[in-house]
Amino acid sequence: MVETFQSHYVSLHVRISNNAALRLYRDTLGFENDKIEAKYYADGEDAYSMRLDLSSVREELREAEGADQDEGEAVGDEGKQAAEELAKQEEVKEKLRKVRIGRGLGVGELVERDESAKA
1 MVETFQSHYV SLHVRISNNA ALRLYRDTLG FENDKIEAKY YADGEDAYSM RLDLSSVREE
61 LREAEGADQD EGEAVGDEGK QAAEELAKQE EVKEKLRKVR IGRGLGVGEL VERDESAKA
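Here the sequence shown is numbered in our numbering, starting from 1 and rising by one per residue.
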């Protein structure tokens, strides 16, 4: 939500009688009770208006972006290993071969039969 929509918070409504949902949102996911909406549902039941502040998530994303930046190519033994792995990958690409699938094998003319109706 933060990355895609630049959201600052998430809000939702939960029936007061729905204890399982209340525990999930409040205890597990960290939502807080914002207020009680009187007669929110069509049957007259009240609802908790719950809200989750996303500012902490936004800060975590900013920290993660800075920590994951690559500083350049590998050096020393690590650089040699990367070059060896690249050479192995190129060898594997050379070993691949083309195979025919689908209509080239006559699969297009197969017909599905329902044999359960004949019984």
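For the record, the hints were derived by calculation from the structure and aren't laboratory data.
Hints are supplied without guarantee of correctness; some may be wrong.
[What the hints assert, rightly or not] Subject to a maximum C-alpha distance of 20 Å in a straight line, what follows is the list of computed SDA-like cross-link-like pairs (lysine to any residue): (1) K35 - E59; (2) K39 - H13; (3) K35 - V14; (4) K39 - Y9; (5) K35 - Y9; (6) K39 - N19; (7) K35 - F5; (8) K35 - R58.
[Said to hold, decoys possible] Quick list of simulated restraints, FRET-style, between CB atoms: (9) R26 - E63: 44 to 52 Å; (10) L29 - R62: 33 to 41 Å; (11) E84 - N18: 54 to 62 Å; (12) K35 - D114: 33 to 41 Å; (13) R51 - R113: 12 to 20 Å; (14) E37 - F5: 21 to 29 Å; (15) G30 - A87: 46 to 54 Å; (16) H8 - D43: 30 to 38 Å; (17) S11 - E60: 15 to 23 Å; (18) E32 - E3: 36 to 44 Å.
By construction, the Cβ of each residue, glycine as well, lies at the ideal position given by its N, Cα and C atoms.
Which hint numbers does the structure go against, in order from smallest to largest?
1, 4, 7, 8, 9, 10, 12, 13 and 18
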